[in-house]
Amino acid sequence: MNENNLLERELLQLGEDLRREPSVASAVLARLHDVETTTRLELPSARRMRTLAGIGMSLAATAAVVAMMFFFRTDQIAFAQVQSRLSAYRTATLRYQQAAFKQDVNQTEISSVALLVSINADNARIRVESADGSLIITDGSLGKRLTTDVKYKTATLAYVVDSREEYNFLSMLQSMHLATNAQGIAPRKIDGEDCVGFRIDELESVLRVWVSPETLLPVLAERTTENVIGLSSGDTPEDKVKVVTTFKDIRFGVPLAETLFDLKPPLNYQITEIGKPPASLSEIFPRTPQIDPLQGIGPVKFGMAQMEVVQLLGRPDREDISKPKFPFDKDILQVDDQPRPSKNARLTILTEFHSLTYSNLGLRLDFEVSDGLVGFSFDKKIQLAEGVNFPGTLADGLGIGSTEREVIAMYGQPSKGYSKSMLYYKDLGLMFVLSDQRTVSTLQLDKGVEKRLRFEWREPNEQDLPNGKY
Amino acid sequence: MIESDAELVGKAKIGDMPAFEQLILRYERSVRSVAWAYLRESNACDDATQETFIAAFRSLVGLKEAAKFGPWLMQIARRTSQRQRSRTNIPIEQGTQIEEIAEVRPGISFRQRQVLECIEKLPESERLVIAMRYFDGHSSQEIADVTKRPLGTVTKQLSRAYERLRMWLMQSEEQNDERE
Chain A
1 MNENNLLERE LLQLGEDLRR EPSVASAVLA RLHDVETTTR LELPSARRMR TLAGIGMSLA
61 ATAAVVAMMF FFRTDQIAFA QVQSRLSAYR TATLRYQQAA FKQDVNQTEI SSVALLVSIN
121 ADNARIRVES ADGSLIITDG SLGKRLTTDV KYKTATLAYV VDSREEYNFL SMLQSMHLAT
181 NAQGIAPRKI DGEDCVGFRI DELESVLRVW VSPETLLPVL AERTTENVIG LSSGDTPEDK
241 VKVVTTFKDI RFGVPLAETL FDLKPPLNYQ ITEIGKPPAS LSEIFPRTPQ IDPLQGIGPV
301 KFGMAQMEVV QLLGRPDRED ISKPKFPFDK DILQVDDQPR PSKNARLTIL TEFHSLTYSN
361 LGLRLDFEVS DGLVGFSFDK KIQLAEGVNF PGTLADGLGI GSTEREVIAM YGQPSKGYSK
421 SMLYYKDLGL MFVLSDQRTV STLQLDKGVE KRLRFEWREP NEQDLPNGKY
Chain B
471 MIESDAELVG KAKIGDMPAF EQLILRYERS VRSVAWAYLR ESNACDDATQ ETFIAAFRSL
531 VGLKEAAKFG PWLMQIARRT SQRQRSRTNI PIEQGTQIEE IAEVRPGISF RQRQVLECIE
591 KLPESERLVI AMRYFDGHSS QEIADVTKRP LGTVTKQLSR AYERLRMWLM QSEEQNDERE
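In order, the protein sequences belong to chains A and B. Just so we're aligned: the first sequence equals residues 1 to 470 in the working numbering. Just so we're aligned: the second sequence equals residues 471 to 650 in the working numbering.
Just so you know, the hints here were simulated from the structure itself, not pulled from any lab data. These figures come from a predicted structure and were not determined experimentally. Hints should not be assumed to be uniformly reliable.
[Said to hold, decoys possible] Computed spacing ranges between beta-carbons, pair by pair: (1) P593(B) - L6(A): 18 to 26 Å; (2) E594(B) - G303(A): 53 to 61 Å; (3) E594(B) - K189(A): 34 to 42 Å; (4) M640(B) - E214(A): 45 to 53 Å; (5) K591(B) - G401(A): 51 to 59 Å.
Positions of the beta carbon are idealized from the N, C-alpha and C atoms, including for glycine.
Could you put together the complete structure from these sequences and hints?
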């Protein structure tokens, strides 16, 4: 026997001896399950921000940090993967059920509704069919909605600017704020499959989504809203109810006939037209608007209150809420001038951004409660209404579609310390986000001053902590 | 068909526990072999092996190249075992003490300890293929599949590893002979 054979025998024997030990798999999985269900996962220490010398930062920098956190959070990454997978689908069908319960000991059901929803993301078309055959068909690109009533044989064709987001499961799950708030929850067996669970705390409700580990697509979602007042006649403020909306039997990528989204009512129906066409660009901005750094665009200026803007531009197509998050090291004893009160105290960011998206203007506006309008975003990702172009350009003609070279030729080298996928000019509050082709895909404006985020230290037993995993 | 490490890591990242279990079953002996080289005590090795996989699961998000799960896991195993060794203060530097500790768990001989120590000295790529081949019982083709390396590379790494191990073990024997 040569030396290599001898060595191989020794290695095989050693392997056999090591394999006599029982597998640790079950113990590891049990411990992981315990970890998952009782505590939040910690960030990988190597990737945590080690210092928080100053918590003040511009809106753009805030966005960058939020994006970074989004990247490094396990649950958020996982949910972002689901969203990424979802983005490949343009159609979906599902069963939508909504039930209201009294918030008493018996949890008595007050009402319920079951609908069949078909979604075609192209042109933002949604068809909602109730059990009796009545329909609500919305075509977001035309800004029109047809509502039919089978019982009275009537139909209404209305001009609308919203796209019935409550039914648009595809759009709802693609919202960025969902991923930034996603936390893992215990899996649930659905159709014999152990589906991965996520919990997303929204402003007034909690959304839970279960995803197939096989397809990475949602198979069930539930939105629970508590303390809803006045759902039925005779309710007093004390008679609060809980509303549970369930999205199930979800199918993605199903072929949907064009006729499903036809806005013509059945022949013998009486039709009424209401409303007026959505505001057009020329209506709001009679002349070609110019984007003014540090000012705004046309009549829309930094610092305006959300209501002022809504009065000017009309109701937005969607509203999102996002909250910046910061990792903080357990060794950090002070942030700004506020010392950490105890070892277990955690940093809670109080600042919250409200975003209004106007598809008819290709514009997203970010508001902060105390400062009003703090950010503009002209973004290629915003689905534009038919015939709408991005509103205006900078005085120098730069805007969406300009090249990196053109921007640098005009503004010089950008501020240092930001991602290479963006050109950020801190003093001007101008951020050009670049596509793979190095052209401007998003133009963002902020006020060009450091934005101090509001925060406070909270003890673990104080409320307003994220609802823990369960 | 055998799923690659990258595929399993992708699933485990979104919380697919059966996928992570597959990774545990694929690598636990390799991890244990690293632990043995540092700790040489059955219970301590168990702890270190469990800690390694828990740390790996928690840090999966930081693993940029999913196909390099194996080498990455071995690094975690090494760090975890080193930490545990310093915590438990296990003396391992002297040959005689190694023998004493070896007696704690029958079945692993002094010679086998030497083999494990030599394996620990191998370059990362060779250490992984040796551990997967002999401790986790994978064929060369399976190693090639799960690590996304060409089969030829795996066999070359195995033969280079044999050569080094053979040489180091021979040197160890000579040193032991001199001591005696």
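Consistency of the hints with the structure:
1. P593(B) - L6(A): 18 to 26 Å: At 23 Å between Cβs, range holds.
2. E594(B) - G303(A): 53 to 61 Å: 57 Å, holds
3. E594(B) - K189(A): 34 to 42 Å: 40 Å, holds
4. M640(B) - E214(A): 45 to 53 Å: 51 Å, holds
5. K591(B) - G401(A): 51 to 59 Å: 58 Å, holds
Violated hints: none; the structure is consistent with every hint.
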